[in-house]
Amino acid sequence: MAQKYIHGFEKKEQDRLIAQADFLEPYVYQGVDLEFTKNLLEVGCGVGAQTQILCRRFPKLQIDGIDLSDAQLKTASKYLSKELKSGRVHLAQQDAQKMRLRRSDYDAAFVCWFLEHVPDPLLVLKNVYKNLKPGGKIYISEVFNHTLFMEPYSPAYLKYWFEFNDLQWELKGHPHVGAQLGNLLKASGFKNINVEIRPFHFDSREPEKRSAFIDYFFDILLSAEKKLIEEKRVSPELIKKMKSEVEIAKKSKNSVFYYSYVRATATK
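Each residue of the sequence shown is one higher than the one before, starting from 71 at the first, in my numbering.
Quick caveat, the hints were computed from the structure, so don't treat them as lab data. By construction, the Cβ of each residue, glycine as well, lies at the ideal position given by its N, Cα and C atoms. Where hints are given, some of them may not hold.
Listed next, with one range per pair, are the computed distances between beta-carbon atoms [said to hold, decoys possible]:
1) Ser281 x Glu95: 38 to 48 Å
2) Asp92 x Pro277: 14 to 24 Å
3) Lys82 x Arg268: 22 to 32 Å
4) Asn109 x Lys302: 27 to 37 Å
5) Lys148 x Glu307: 17 to 27 Å
6) Lys261 x Asn109: 13 to 23 Å
7) Leu192 x Arg268: 15 to 25 Å
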């Protein structure tokens, strides 16, 4: 993980991660087929939000989840108490850039919203490759933050978002890593690489979804508010303007929300 996690490790943020996983589940799991997978490596399991969804959707899975953060793993241990007790989930504190796993023949790997937070995504994927069995498959969902747009045009919103991403970059993260997944997978040795741009594009045709995604993304932006203020990257005035723009967008019948993430799959 990057030297400093831009979102922080407070309980409020951990709760947001769980809510985020539930909110995005219908989108993230489209095309994820682990029905006949037994042993899964989840890289960057965090608070266990995706882990629990994986267990529910695929009852035969045995999951090894790794994460570097002690705080996140402590929360995951509570959140996944049932799955841990049953033996379906095993958690370990591991640096994904220096994996020392208990097996090297996983049937599949799952990576979701994680590579954006590590200094060397290529090294992570090379390590995943080493620990998959021949023919093992990797599923990745990652951010492409450059794609965010909201209509009515919202300059304070976009300025804040620029500072958010610029700070993440300075913290050794990769806010646009989704665009690089094809190159990273190829350089890691994977084959049968497939990369999809998956857009969230909502307008007056789907007002409820549009409003939900505006709120969802606003929570993401606010999760870094404290750090951005500490780093003097944003001012209270800019935040006030941004919040006003969000309210205007929510009330406008012709507002538009757009963001694309990237899904990639490949095999060893």
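Quick rundown of the hints versus the structure:
| no. | hint | result |
| --- | --- | --- |
| 1 | Ser281 x Glu95: 38 to 48 Å | violated, 19 Å |
| 2 | Asp92 x Pro277: 14 to 24 Å | holds, 21 Å |
| 3 | Lys82 x Arg268: 22 to 32 Å | holds, 28 Å |
| 4 | Asn109 x Lys302: 27 to 37 Å | violated, 47 Å |
| 5 | Lys148 x Glu307: 17 to 27 Å | violated, 40 Å |
| 6 | Lys261 x Asn109: 13 to 23 Å | holds, 21 Å |
| 7 | Leu192 x Arg268: 15 to 25 Å | holds, 22 Å |
Against the hints set out earlier in the document, violations occur for numbers 1, 4, 5.
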